[in-house]
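Participant: As numbered in this note's numbering, residues 25 to 181 make up the sequence shown, in order.
Simulated from the structure, these hints should not be mistaken for lab results.
It is possible that some hints are incorrect.
[As the list claims (entries may be wrong)] Okay, derived cross-link-like pairs now, EDC-like style, lysine to aspartate or glutamate, Cα gap no bigger than 20 Å in a straight line:
#: 1; residue 1: Lys80; residue 2: Glu160
#: 2; residue 1: Lys81; residue 2: Asp64
#: 3; residue 1: Lys75; residue 2: Glu160
#: 4; residue 1: Lys108; residue 2: Asp94
#: 5; residue 1: Lys153; residue 2: Glu97
#: 6; residue 1: Lys81; residue 2: Glu95
#: 7; residue 1: Lys52; residue 2: Asp85
#: 8; residue 1: Lys144; residue 2: Glu97
#: 9; residue 1: Lys62; residue 2: Asp94
#: 10; residue 1: Lys76; residue 2: Glu127
#: 11; residue 1: Lys136; residue 2: Asp147
#: 12; residue 1: Lys52; residue 2: Glu97
#: 13; residue 1: Lys52; residue 2: Asp115
#: 14; residue 1: Lys81; residue 2: Asp147
#: 15; residue 1: Lys52; residue 2: Asp147
#: 16; residue 1: Lys136; residue 2: Glu160
#: 17; residue 1: Lys144; residue 2: Glu61
#: 18; residue 1: Lys108; residue 2: Glu61
#: 19; residue 1: Lys108; residue 2: Asp85
#: 20; residue 1: Lys108; residue 2: Asp64
#: 21; residue 1: Lys81; residue 2: Glu160
#: 22; residue 1: Lys78; residue 2: Glu57
All values derive from a computational prediction rather than experimental measurement.
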Amino acid sequence: MKTKVVLALAALSYAPLTVAGDKDVYPKERVAEFIVEKLDVTSLPAALRPKKAKGKKTFADYGFSAQEVDERETIIQAAGGTRKLSIKVLDRRSSGIYVCVTEPGQIAGQAKMQSVIFLKRNDSNALLKGRESWREFTSCPVVGAAEKDSEVSAGGD
Numbered sequence: 025m026k027t028k029v030v031l032a033l034a035a036l037s038y039a040p041l042t043v044a045g046d047k048d049v050y051p052k053e054r055v056a057e058f059i060v061e062k063l064d065v066t067s068l069p070a071a072l073r074p075k076k077a078k079g080k081k082t083f084a085d086y087g088f089s090a091q092e093v094d095e096r097e098t099i100i101q102a103a104g105g106t107r108k109l110s111i112k113v114l115d116r117r118s119s120g121i122y123v124c125v126t127e128p129g130q131i132a133g134q135a136k137m138q139s140v141i142f143l144k145r146n147d148s149n150a151l152l153k154g155r156e157s158w159r160e161f162t163s164c165p166v167v168g169a170a171e172k173d174s175e176v177s178a179g180g181d
């Protein structure tokens, strides 16, 4: 019995060391640039990602380039200007990064599609994976297809 208690205490004492190692998974500076380089765009919701193509995962693979990049926001554009996306960092935590992804509408200042996406990766060598978040930010209200989906599921059951 004493051996089991000692082993359990030893395991618990090493847990903070493994958690501390994960803090370097996300940068503290130049976060928007990091997202553009490391995001697996195939993990974004269908309305925001480019059409899937074999062997392509990042914005660079799909021919997107950063037009404007600062510490917390970037605008990326597809080759030929056919598509434009804005990515704004909302919150950075040790568990992941919350971003607002917006596709501008045809009328200036209006969004065609906008959603809060939670970005996460399993280790420092992996690409960021994105999924829509239920967390709301006043600076990023849901607009477009995701908003319609939530209205249907909220009132339909």
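Participant: If a hint holds in the structure, say so; if it doesn't, say that too.
Facilitator: We went through each hint and held it up to the structure:
no.: 1; hint: Lys80 / Glu160; in the structure: 30 Å, violated
no.: 2; hint: Lys81 / Asp64; in the structure: 5 Å, holds
no.: 3; hint: Lys75 / Glu160; in the structure: 27 Å, violated
no.: 4; hint: Lys108 / Asp94; in the structure: 16 Å, holds
no.: 5; hint: Lys153 / Glu97; in the structure: 18 Å, holds
no.: 6; hint: Lys81 / Glu95; in the structure: 23 Å, violated
no.: 7; hint: Lys52 / Asp85; in the structure: 25 Å, violated
no.: 8; hint: Lys144 / Glu97; in the structure: 18 Å, holds
no.: 9; hint: Lys62 / Asp94; in the structure: 16 Å, holds
no.: 10; hint: Lys76 / Glu127; in the structure: 18 Å, holds
no.: 11; hint: Lys136 / Asp147; in the structure: 33 Å, violated
no.: 12; hint: Lys52 / Glu97; in the structure: 14 Å, holds
no.: 13; hint: Lys52 / Asp115; in the structure: 11 Å, holds
no.: 14; hint: Lys81 / Asp147; in the structure: 17 Å, holds
no.: 15; hint: Lys52 / Asp147; in the structure: 16 Å, holds
no.: 16; hint: Lys136 / Glu160; in the structure: 18 Å, holds
no.: 17; hint: Lys144 / Glu61; in the structure: 14 Å, holds
no.: 18; hint: Lys108 / Glu61; in the structure: 16 Å, holds
no.: 19; hint: Lys108 / Asp85; in the structure: 15 Å, holds
no.: 20; hint: Lys108 / Asp64; in the structure: 17 Å, holds
no.: 21; hint: Lys81 / Glu160; in the structure: 27 Å, violated
no.: 22; hint: Lys78 / Glu57; in the structure: 24 Å, violated
Checked against the numbered hints given earlier, the structure breaks hints 1, 3, 6, 7, 11, 21 and 22 and satisfies all the rest.
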